[in-house]
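**Q** One letter stands for each residue in the lines below.
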Amino acid sequence: MSERDPLQSLWIHQQQENFKMTTAQLRQHATRFQSKIRTRNRIEYAAAALVIGVFAWMIAIIPEPMVRAGAGLIILGALYVCWKLHTLAGAADAGGLDHAASLADFHRSELLRQRMALAAVWKWYLAPFVPGMLVFIGAVAFTPELDAPLIARVTLFATTAAPIAAVFGLVAWLNARAVKALDKKIKALEEAG
Amino acid sequence: MKPVPDQDQLYFEAAEAFGPALQRLARATEANEERRRDLLQDMHVALWRSFARFDGRCSLRTWVYRVAHNTAATHVDRERRTRRDTVDIDAAGELAGADSLARQLEERDGVNRLNAWIRRLKPPDRQVITLYLEDLGADAIAEITGFTPGAVATRISRLKTQLAKDFKETTHV
Numbered sequence: 000m001s002e003r004d005p006l007q008s009l010w011i012h013q014q015q016e017n018f019k020m021t022t023a024q025l026r027q028h029a030t031r032f033q034s035k036i037r038t039r040n041r042i043e044y045a046a047a048a049l050v051i052g053v054f055a056w057m058i059a060i061i062p063e064p065m066v067r068a069g070a071g072l073i074i075l076g077a078l079y080v081c082w083k084l085h086t087l088a089g090a091a092d093a094g095g096l097d098h099a100a101s102l103a104d105f106h107r108s109e110l111l112r113q114r115m116a117l118a119a120v121w122k123w124y125l126a127p128f129v130p131g132m133l134v135f136i137g138a139v140a141f142t143p144e145l146d147a148p149l150i151a152r153v154t155l156f157a158t159t160a161a162p163i164a165a166v167f168g169l170v171a172w173l174n175a176r177a178v179k180a181l182d183k184k185i186k187a188l189e190e191a192g
Numbered sequence: 000m001k002p003v004p005d006q007d008q009l010y011f012e013a014a015e016a017f018g019p020a021l022q023r024l025a026r027a028t029e030a031n032e033e034r035r036r037d038l039l040q041d042m043h044v045a046l047w048r049s050f051a052r053f054d055g056r057c058s059l060r061t062w063v064y065r066v067a068h069n070t071a072a073t074h075v076d077r078e079r080r081t082r083r084d085t086v087d088i089d090a091a092g093e094l095a096g097a098d099s100l101a102r103q104l105e106e107r108d109g110v111n112r113l114n115a116w117i118r119r120l121k122p123p124d125r126q127v128i129t130l131y132l133e134d135l136g137a138d139a140i141a142e143i144t145g146f147t148p149g150a151v152a153t154r155i156s157r158l159k160t161q162l163a164k165d166f167k168e169t170t171h172v
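Chains U and Y, in that order, give the protein sequences. All residue numbers for the first sequence refer to numbering that gives the first Met the number 0, where the first residue is 0 and numbers rise by one. All residue numbers for the second sequence refer to numbering that gives the first Met the number 0, where the first residue is 0 and numbers rise by one.
Be a bit skeptical, because a hint or two may be false.
Below, simulated SDA-like cross-link-like pairs (lysine to any residue); rule was C-alpha separation at most 25 Å, straight line [claimed, not checked]:
{"id": "1", "chain 1": "Y", "residue 1": "Lys159", "chain 2": "U", "residue 2": "Leu6"}
{"id": "2", "chain 1": "U", "residue 1": "Lys183", "chain 2": "Y", "residue 2": "Thr153"}
{"id": "3", "chain 1": "U", "residue 1": "Lys35", "chain 2": "Y", "residue 2": "Thr81"}
{"id": "4", "chain 1": "Y", "residue 1": "Lys121", "chain 2": "U", "residue 2": "Leu111"}
{"id": "5", "chain 1": "U", "residue 1": "Lys186", "chain 2": "Y", "residue 2": "Pro122"}
{"id": "6", "chain 1": "U", "residue 1": "Lys183", "chain 2": "Y", "residue 2": "Thr147"}
{"id": "7", "chain 1": "U", "residue 1": "Lys35", "chain 2": "Y", "residue 2": "Asp41"}
{"id": "8", "chain 1": "U", "residue 1": "Lys19", "chain 2": "Y", "residue 2": "Ala14"}
{"id": "9", "chain 1": "Y", "residue 1": "Lys159", "chain 2": "Y", "residue 2": "Asp138"}
{"id": "10", "chain 1": "U", "residue 1": "Lys184", "chain 2": "Y", "residue 2": "Thr153"}
{"id": "11", "chain 1": "U", "residue 1": "Lys35", "chain 2": "Y", "residue 2": "Lys167"}
{"id": "12", "chain 1": "Y", "residue 1": "Lys121", "chain 2": "U", "residue 2": "Gln7"}
{"id": "13", "chain 1": "U", "residue 1": "Lys184", "chain 2": "U", "residue 2": "Ala164"}
{"id": "14", "chain 1": "U", "residue 1": "Lys19", "chain 2": "Y", "residue 2": "Asp138"}
{"id": "15", "chain 1": "U", "residue 1": "Lys19", "chain 2": "Y", "residue 2": "Arg35"}
{"id": "16", "chain 1": "Y", "residue 1": "Lys159", "chain 2": "U", "residue 2": "Glu189"}
{"id": "17", "chain 1": "U", "residue 1": "Lys35", "chain 2": "Y", "residue 2": "Gln6"}
{"id": "18", "chain 1": "U", "residue 1": "Lys186", "chain 2": "Y", "residue 2": "Lys167"}
{"id": "19", "chain 1": "U", "residue 1": "Lys183", "chain 2": "Y", "residue 2": "Gly149"}
{"id": "20", "chain 1": "Y", "residue 1": "Lys167", "chain 2": "U", "residue 2": "Gln13"}
{"id": "21", "chain 1": "U", "residue 1": "Lys19", "chain 2": "Y", "residue 2": "Pro148"}
Because the hints were derived from the structure by calculation, they are not lab data.
Kindly generate the complete structure, drawing on both the sequences and the hints.
**A** Shown next, in the form of structure tokens:
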């Protein structure tokens, strides 16, 4: 019989706390975890409801048809995002991560899940708002009621659209960078096995 | 969640047999006492939840270590994204002089220093070394981690050398 490594002896004989959980506590904690996820989803839905409310109010008070069309498209975009959130949350509940998978498989699944979420967020979280934003900003800048030369209208459109485009671009760039870092980790994990 | 008949029984059996190992893993993962207790609770809850789907694909021991380590890895990942103060990198750099590694570590806070050293490692290394310290063989570790036994043995050897080097270096500072 081989002798135990002194480090192993030291490790095994660490002082232990008295820690026990009853089934009631386990159930309570499991429920709390689910309720955290529900709260997070509710915040997302509330934010979408706010966007929908504000642009619905604009449709009600602004007579300009193109501005109303833009606001309508933004509402449709928000509704699409809500639907995606709902289906993704459902898929996460049903599939979840398999905690009893081997550590390498679990790690790989988690990295792939993060990669997929980051790579897709542009498509379902930001892009649905683009048509509505463009129509809305364009309609405001080029409305016949605005008494301004064409150059001033173009400038108004560009200065309003530029910061939005910059934010969208920044998000896309950060996501692409994060995806690249995840790809590196996935590759390293495959090589480690 | 609707419990299956054996879920509670399996959990209590596992908690009885592996409770101390879960505590050691929590200590090697999280330095902050409050968050460590949260992590330990998370491990127990994850274990209890997992037994609703226990399918006998592996032994109870392998199942418990997989669930515990995967929960710990998720914790580390989440903490890294939300905090920057979890890892006490310098903790292993204050060792008092002693001739052998074992004697150094037998000092009053040797375990704390060993835990601090483990917390500095990347997840796969941390997982392998803690499983080794639990006195598991390369085959058992390979089954838990999903690495090959050869890769596990190489990793253990490298980590032990690194551990000895890091602890020895501090005695000459």
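**Q** With reference to the structure, classify each hint as holding or not holding.
**A** Hints versus structure:
1. Distance hint between Lys159 of chain Y and Leu6 of chain U is fulfilled; the C-alpha atoms sit about 10 Å from each other, no more than 25 Å.
2. Only pairs whose Cα atoms come within 25 Å are accepted, and Lys183 of chain U paired with Thr153 of chain Y is accepted, the gap being roughly 22 Å.
3. Restraint check for Lys35 of chain U and Thr81 of chain Y: satisfied, since their Cα atoms lie roughly 17 Å apart, inside the 25 Å limit.
4. At roughly 18 Å between alpha-carbon atoms, Lys121 of chain Y and Leu111 of chain U fall within 25 Å of each other, so this suggested pair holds.
5. Proximity of Lys186 of chain U to Pro122 of chain Y is assessed by CA-CA distance (about 15 Å); at most 25 Å being required, the pair is judged to hold.
6. Under the criterion of a C-alpha separation no larger than 25 Å, the hint pairing Lys183 of chain U with Thr147 of chain Y is consistent with the structure, at around 21 Å.
7. A threshold of 25 Å between alpha carbons decides the hint, and for Lys35 of chain U with Asp41 of chain Y the separation of about 14 Å falls inside it, so the pair holds.
8. For the suggested pair Lys19 of chain U and Ala14 of chain Y, the alpha carbons sit about 8 Å apart, so the restraint of at most 25 Å is met.
9. The hinted pair formed by Lys159 of chain Y and Asp138 of chain Y meets the criterion: a straight-line CA distance of about 18 Å does not exceed 25 Å.
10. Simply put, Lys184 of chain U and Thr153 of chain Y have alpha-carbon atoms about 20 Å apart, close enough for the 25 Å limit, and the pair holds.
11. Among the hinted pairs, Lys35 of chain U with Lys167 of chain Y is inconsistent with the structure: their alpha-carbon atoms are about 46 Å apart, more than 25 Å.
12. For the given pair, Lys121 of chain Y sits about 20 Å from Gln7 of chain U by alpha-carbon distance, which is consistent with the 25 Å threshold.
13. A hinted pair counts as satisfied when its Cα atoms are at most 25 Å apart, and Lys184 of chain U with Ala164 of chain U does not qualify at roughly 30 Å.
14. Proposed proximity of Lys19 of chain U and Asp138 of chain Y is contradicted: the alpha carbons are some 30 Å apart, above 25 Å.
15. Annotation: proposed proximity of Lys19 of chain U to Arg35 of chain Y holds, straight-line Cα distance about 15 Å (limit 25 Å).
16. For the hint pairing Lys159 of chain Y with Glu189 of chain U, the CA-to-CA distance comes to about 23 Å; that is within 25 Å, so the pair holds.
17. Between the alpha carbons of Lys35 of chain U and Gln6 of chain Y the distance comes to roughly 24 Å, so the proposed pair stays at or under 25 Å and holds.
18. Proximity of Lys186 of chain U to Lys167 of chain Y is assessed by CA-CA distance (about 33 Å); at most 25 Å being required, the pair is judged violated.
19. Only pairs whose Cα atoms come within 25 Å are accepted, and Lys183 of chain U paired with Gly149 of chain Y is accepted, the gap being roughly 23 Å.
20. Restraint check for Lys167 of chain Y and Gln13 of chain U: satisfied, since their Cα atoms lie roughly 22 Å apart, inside the 25 Å limit.
21. Note on Lys19 of chain U and Pro148 of chain Y: the hinted pairing is violated, with a Cα-Cα distance of about 34 Å set against a maximum of 25 Å.
When the structure is compared with the earlier hints, violations turn up for hints 11, 13, 14, 18 and 21 and for no others.
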